[in-house]
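A.B. asks: Listed here are the chains, written in short residue letters.
There are 2 protein chains.
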Amino acid sequence: MTGKDFSPTLASQLCFALYSASRAVARAYGPILEPLGLTFPQYLAMLALWEVPDAVTVSDLGKSLRLDSGTLTPLLKRLEAAGFLTRERDAVDQRRVFIRVTDAGMALRAEAWNVQDMIIGCYATDLETLGAVKQQLQSIVAMMDERQASTT
Amino acid sequence: MTGKDFSPTLASQLCFALYSASRAVARAYGPILEPLGLTFPQYLAMLALWEVPDAVTVSDLGKSLRLDSGTLTPLLKRLEAAGFLTRERDAVDQRRVFIRVTDAGMALRAEAWNVQDMIIGCYATDLETLGAVKQQLQSIVAMMDERQASTT
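Keeping their order, the protein sequence lines are chains G and C.
Under the numbering used here, the first residue of the first sequence carries the number 826, and numbering increases by one thereafter.
Under the numbering used here, the first residue of the second sequence carries the number 826, and numbering increases by one thereafter.
In isolation and in its complexed conformation, chain G is listed as follows (with noise of 0.2 Å):
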């Protein structure tokens, strides 16, 4: 096979569809999180601290998330600017930062009720085919994660 042969285009590529359909995702969720005071990955961290809101580590949090603390740390300083969370780093192991969700951050839960609804009027294809794809996207993720530690 030469160069020559090499003609892949945007539009065959997977890449390129999973890079707008989660940009296009991103955008729809703007105005709809726009009252809450939330971007898109702050929305996502606070769904995961929702979760588990007494207390997790930065790191297990990123874990969740599949960010490094390098792009999570900046996020969850404005989470706590705004008032949603507490970071505080453990006396023994300082190398531990524990998050809390404050009051405020579990009130903002309650506001969030509606989110839910309002992006599935965005996507405008039903459920089903929305669950399915979830399902192959994370199937494609924990494959390449497999692989990845393989060859590593």
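Heads up, a few of these hints could be off.
The list makes no distinction among identical chains, and a pair is therefore deemed to hold if it is satisfied within one copy or across any two copies.
Listed next, the in silico SDA-like pairs over lysine to any residue satisfying Cα-Cα at most 25 Å (straight line) [claimed, not checked]:
{"#": "1", "residue 1": "K888", "residue 2": "A836"}
{"#": "2", "residue 1": "K888", "residue 2": "T834"}
{"#": "3", "residue 1": "K902", "residue 2": "C947"}
{"#": "4", "residue 1": "K959", "residue 2": "T927"}
{"#": "5", "residue 1": "K902", "residue 2": "L861"}
{"#": "6", "residue 1": "K888", "residue 2": "P833"}
{"#": "7", "residue 1": "K902", "residue 2": "D942"}
{"#": "8", "residue 1": "K902", "residue 2": "G956"}
{"#": "9", "residue 1": "K959", "residue 2": "R972"}
{"#": "10", "residue 1": "K959", "residue 2": "M969"}
{"#": "11", "residue 1": "K902", "residue 2": "E971"}
Hints in this document: simulated from the structure, not taken from any laboratory.
Computed from a prediction, not measured in an experiment: that's the story for all the values here.
Starting from the known structure of chain G, fit chain C onto it as the hints suggest.
C.D. replies: What follows is chain C alone, placed relative to chain G:
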């Protein structure tokens, strides 16, 4: 329905599946694109440009890539600095900027012929499944576009 009924989990969200799949794929491209001197969004831009290398406007390129010019312009400036394209403002209509791929940019296309094969190895999923996911994502994006167009 009260706030207490709100209980979507991070794992239950299509938006998170998309977000994490998109990030996982961009990360998988990193080491594959590094020898070419391209980041993942720059690679997408070059894919689009290789299809119409002679003279595309920034505006039309933005439509193909679904990027606004605020995001696209810095990316194109970096590709220009790397010698892969030229940016030239239209003498007649100063708002239009034409992009042309240079010889070095076209040579890069030949170097990129195996990117496709390498990334498919990373997905670790059969091509049929990948194609089906791609089509579903494209159809979700198209329907979101339509919905957005009809409400604005």
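A.B. asks: It remains to establish, for every hint, whether it holds in the given structure.
C.D. replies: Now the hints, each set against the structure:
no. : hint        : verdict
1   : K888 - A836 : between (32 Å within a copy, 12 Å between copies)
2   : K888 - T834 : between (34 Å within a copy, 15 Å between copies)
3   : K902 - C947 : neither (30 Å within a copy, 34 Å between copies)
4   : K959 - T927 : neither (31 Å within a copy, 40 Å between copies)
5   : K902 - L861 : within (17 Å within a copy, 36 Å between copies)
6   : K888 - P833 : between (34 Å within a copy, 18 Å between copies)
7   : K902 - D942 : neither (29 Å within a copy, 40 Å between copies)
8   : K902 - G956 : neither (33 Å within a copy, 40 Å between copies)
9   : K959 - R972 : both (20 Å within a copy, 21 Å between copies)
10  : K959 - M969 : both (15 Å within a copy, 16 Å between copies)
11  : K902 - E971 : neither (32 Å within a copy, 37 Å between copies)
Violated hints for the displayed structure, listed by number in ascending order: 3, 4, 7, 8 and 11.
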